[in-house]
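Participant: Next come the chains, spelled out residue by residue.
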Amino acid sequence: MPSAKEILRKFTELKTLPHVAIKVTQLVNDDRSTMQDFEEIIRLDPVLVTRLLRLVNSPYFGLSQKVESISKAVVFAGMKQLRNLVAVEGLRGLFKGEDADFSAPKLWMHSATVAILSGMIAKRIFGKEGEDVFLAGIIHDIGLIVENQIAGEALREACRAYREGKGTLIECERSAIGADHAEVGYLLAKEWGLPQEVLGSIKSHHLGKQVKSVSSTGSILQLAEFMAGKMQYWAIPGPIEPLPPELSQHVKEKVADYKIIIRDLPGEMAKAKELYESDE
Amino acid sequence: MTEPTFDAIFDDLIDADAELQSFLAILDALLPEASMLLVSESGAVLDGARPLAVALPVREKLVREAKATDGFITGKADNGTRCHAISLAKFSAVLVISCTASPEDDWEPGSAIASLLRNTLELALYRQEREMLVADHEQSVRQISILQQQHGKLIEDNYRQYRLNQEREKEYARTLESEIAKQTAELREANVRLEEISRLKSDFLANMSHELRTPMNAIIGFSELLSETPLAEEQLEYARTITQSATSLLTLINDILDLAKIEAGKLELEHQPFDLAEMIDNVVAMFKIPAREKGVVVASTIDSRIPKRIMGDCNRLRQILINLAGNAMKFTEQGGVDIKVAYERSAAGRIVSRFSVRDSGIGIPADRVEAIFEKFTQADGSTTRKYGGTGLGLAICLQLVELMGGHLAVESELGKGSTFFFVIPLEEAPAEIISLQERKEAYREKTGRGGKILLVEDNAVNQRLAGILITREGYEIEVASDGTEALEHLRHQAFDLVLMDVQMPNMDGMEATRRIRAIEADSALRQDYVGLRALKQPLGIVGLTAHARKEDETACYEAGMNGFLTKPIIKAKLTMILGEMMPGISSPKGNDPS
Numbered sequence: 322m323p324s325a326k327e328i329l330r331k332f333t334e335l336k337t338l339p340h341v342a343i344k345v346t347q348l349v350n351d352d353r354s355t356m357q358d359f360e361e362i363i364r365l366d367p368v369l370v371t372r373l374l375r376l377v378n379s380p381y382f383g384l385s386q387k388v389e390s391i392s393k394a395v396v397f398a399g400m401k402q403l404r405n406l407v408a409v410e411g412l413r414g415l416f417k418g419e420d421a422d423f424s425a426p427k428l429w430m431h432s433a434t435v436a437i438l439s440g441m442i443a444k445r446i447f448g449k450e451g452e453d454v455f456l457a458g459i460i461h462d463i464g465l466i467v468e469n470q471i472a473g474e475a476l477r478e479a480c481r482a483y484r485e486g487k488g489t490l491i492e493c494e495r496s497a498i499g500a501d502h503a504e505v506g507y508l509l510a511k512e513w514g515l516p517q518e519v520l521g522s523i524k525s526h527h528l529g530k531q532v533k534s535v536s537s538t539g540s541i542l543q544l545a546e547f548m549a550g551k552m553q554y555w556a557i558p559g560p561i562e563p564l565p566p567e568l569s570q571h572v573k574e575k576v577a578d579y580k581i582i583i584r585d586l587p588g589e590m591a592k593a594k595e596l597y598e599s600d601e
Numbered sequence: 008m009t010e011p012t013f014d015a016i017f018d019d020l021i022d023a024d025a026e027l028q029s030f031l032a033i034l035d036a037l038l039p040e041a042s043m044l045l046v047s048e049s050g051a052v053l054d055g056a057r058p059l060a061v062a063l064p065v066r067e068k069l070v071r072e073a074k075a076t077d078g079f080i081t082g083k084a085d086n087g088t089r090c091h092a093i094s095l096a097k098f099s100a101v102l103v104i105s106c107t108a109s110p111e112d113d114w115e116p117g118s119a120i121a122s123l124l125r126n127t128l129e130l131a132l133y134r135q136e137r138e139m140l141v142a143d144h145e146q147s148v149r150q151i152s153i154l155q156q157q158h159g160k161l162i163e164d165n166y167r168q169y170r171l172n173q174e175r176e177k178e179y180a181r182t183l184e185s186e187i188a189k190q191t192a193e194l195r196e197a198n199v200r201l202e203e204i205s206r207l208k209s210d211f212l213a214n215m216s217h218e219l220r221t222p223m224n225a226i227i228g229f230s231e232l233l234s235e236t237p238l239a240e241e242q243l244e245y246a247r248t249i250t251q252s253a254t255s256l257l258t259l260i261n262d263i264l265d266l267a268k269i270e271a272g273k274l275e276l277e278h279q280p281f282d283l284a285e286m287i288d289n290v291v292a293m294f295k296i297p298a299r300e301k302g303v304v305v306a307s308t309i310d311s312r313i314p315k316r317i318m319g320d321c322n323r324l325r326q327i328l329i330n331l332a333g334n335a336m337k338f339t340e341q342g343g344v345d346i347k348v349a350y351e352r353s354a355a356g357r358i359v360s361r362f363s364v365r366d367s368g369i370g371i372p373a374d375r376v377e378a379i380f381e382k383f384t385q386a387d388g389s390t391t392r393k394y395g396g397t398g399l400g401l402a403i404c405l406q407l408v409e410l411m412g413g414h415l416a417v418e419s420e421l422g423k424g425s426t427f428f429f430v431i432p433l434e435e436a437p438a439e440i441i442s443l444q445e446r447k448e449a450y451r452e453k454t455g456r457g458g459k460i461l462l463v464e465d466n467a468v469n470q471r472l473a474g475i476l477i478t479r480e481g482y483e484i485e486v487a488s489d490g491t492e493a494l495e496h497l498r499h500q501a502f503d504l505v506l507m508d509v510q511m512p513n514m515d516g517m518e519a520t521r522r523i524r525a526i527e528a529d530s531a532l533r534q535d536y537v538g539l540r541a542l543k544q545p546l547g548i549v550g551l552t553a554h555a556r557k558e559d560e561t562a563c564y565e566a567g568m569n570g571f572l573t574k575p576i577i578k579a580k581l582t583m584i585l586g587e588m589m590p591g592i593s594s595p596k597g598n599d600p601s
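Protein sequences appear in the order of chains L and C.
According to this note's numbering, the first sequence is numbered sequentially starting from 322.
According to this note's numbering, the second sequence is numbered sequentially starting from 8.
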């Protein structure tokens, strides 16, 4: 059975990560980079430029004036937003194709929901910047897409086993494929050069126990994953894993907060449409 | 998909009674003297801080009745006090409360106690809802603070990037500066190269003038000589054609060289005294014969206020007038050509004069007036075919007039004629300057001796040509082929004049002239030279050179020559200068064909 690394190697032989996504990620990680550097890279990709302008002018940013220049849009969006936008652009195209056992478009909706929920929790409950957790949300299930490409039949087998209650999804993947999507996704994000917090959260999002403090990217991602699963934003039907007890306790203490988040989620999803909806 | 609710999502961790508990706690705090209990939808009993004991049958009855009505239902607690039950629709629960401080019979709907309790219940419910509002508010505050942080970061980033850009701009300015410096250096170098090329071109021009004039010398000279030999009519015609063609070719060569010199800025005007009237008469005389042949009249007038002798470049002024008069003659079939010098005004010690050449010729169309001053252009293409000419003449005149401080212009009427005119300042010649020519005249008068000429010339063709011309003029001739030979001749013979070629091998004309002048100045040495010892005046030496430039002439005079003749030797010019310089025992013979 192939290891996670082998699966990823086979995948990257088929699909290369968009150059622009890697470059932009490097720029975000570099303190000396300037908005001009971002602008120069984004300018090269007309699709990205259109996306960026549409995003900046969408309700998600809620600006009072229309932004028409790339340089302005770059400044308004900020480095991490740009990175996320580029990541979304790079990933969106991969979530294609569906059948009874596995639906990539549904997985994309799930990822978008988790990303937006994670962002909301980070910002509204912990007062943290939501960009890193958003990215973690968008990318956390990329491992499934990789497996779908490389070991589609085995993945479907795992999905069926999971649906029939033969174990957690991770367990079913491991026995059918030989690796799980958390591990594969982690490796891919590592290759991409994403921040350590994001990498860790991808690896642990099915761990079933609390990883770090409640406000960590990992915990937020677990919470959002759980909530999105409960909301049926989930591509693979099956039993939803319970929240780690520490996180349940946290929710109990913040009932009002979470009620508000759940109340506001549909609105936020609508506002962020530019971020995740496909053009088709 | 239906809107998700908190309860649906967190169903596992929801404690169904948690909300009731919190409500009970709030109510407990609001009513410190009351004891109470809550019966939930499922029938569970939640006790308040101060428990109220109500027996099960009583409680069940109270709950049942309370749910059926809107108001309070009264019952009895276990301790005998009265208690009251009310349904809480929000929780699907029933509250049983006993308040010892309240009057027993005051719980009717609308009573003060009932209203108070109702309001208290509302307050407790509101307080619970307020938690949400507070949480909502707190979330907003957090989000605002993130936005503020991001805003701060944006400003920081902007400033940082502004600094970075400034540095980049400075760097750019530095590169720009060095780039400009580099280009300037390159341009300077190119300029130096161009100046060098220009200098080489001028030198080439000077050499060309020599190279072109030397063969022309032979062609014109020998064709003239040929015309004077006994020839058949046809042969004579051929010989004359050669002369005419060669002469016009020489004119063209001179024009081109002149124009090139002017454009190269190499042309310098002389500033010598000359007789204006005499010069004009010369010009008129030149056109007498062709005018007679065409049946037109050439005339000239000079305003009496213009001084007789003026300073300037006689030859160039003559060139202009000959050119204008020549054109006028060319295009005039009847009537006449009128050369006029009119007085305009006096300014700063100069006499501003208007020179004009008027003809009664074909005139120039208004739209061609500008074009005729252009090089190689005439009034219209057919003009060239009909009247000939190169179109260089006017371009040269225009430039010469400008060098003299004037501007050449034309007034013309088609079919009536044209007037070319220019206004230049003239300066009266000071009385004490006597021209070279006048000195020659004085000298000739004083000596009055015979005619033997020494020709110093290395080129055999030129020796023969000049020899024939001079002999024909009636002078004796001796030939020396370089400066050394010339000195040898002077040692043994006396001569009236030396025609000295400038460019020669061994000893050139300049050096030979300087030696002769040195011998003349040394009374002891002079005795060894038959040709020099008897002379009361310096020997007349006329330079011959193909270089027609002003500096060549000046160099001749500086070497000690007292005359200057350009090659090719034109018979008329030779005759003139011999007439001036020779003591004059023989007057020039034969017809001057020019």
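There's no promise every hint is true.
What the hints assert, rightly or not - 25 Å max Cα-Cα, derived BS3-like pairs, lysine-lysine: (1) K97(C) with K393(L); (2) K575(L) with K530(L); (3) K487(L) with K449(L); (4) K393(L) with K177(C); (5) K177(C) with K592(L); (6) K533(L) with K573(L); (7) K575(L) with K177(C); (8) K387(L) with K530(L); (9) K160(C) with K573(L); (10) K449(L) with K573(L); (11) K177(C) with K387(L).
In short, the hints are calculated from the structure, not lab data.
Participant: All hints are to be evaluated individually against the structure, with a verdict given for each.
Facilitator: Here is what the structure says about each hint:
no., hint, verdict
1, K97(C) with K393(L), "51 Å, violated"
2, K575(L) with K530(L), "19 Å, holds"
3, K487(L) with K449(L), "38 Å, violated"
4, K393(L) with K177(C), "24 Å, holds"
5, K177(C) with K592(L), "43 Å, violated"
6, K533(L) with K573(L), "18 Å, holds"
7, K575(L) with K177(C), "55 Å, violated"
8, K387(L) with K530(L), "45 Å, violated"
9, K160(C) with K573(L), "34 Å, violated"
10, K449(L) with K573(L), "21 Å, holds"
11, K177(C) with K387(L), "33 Å, violated"
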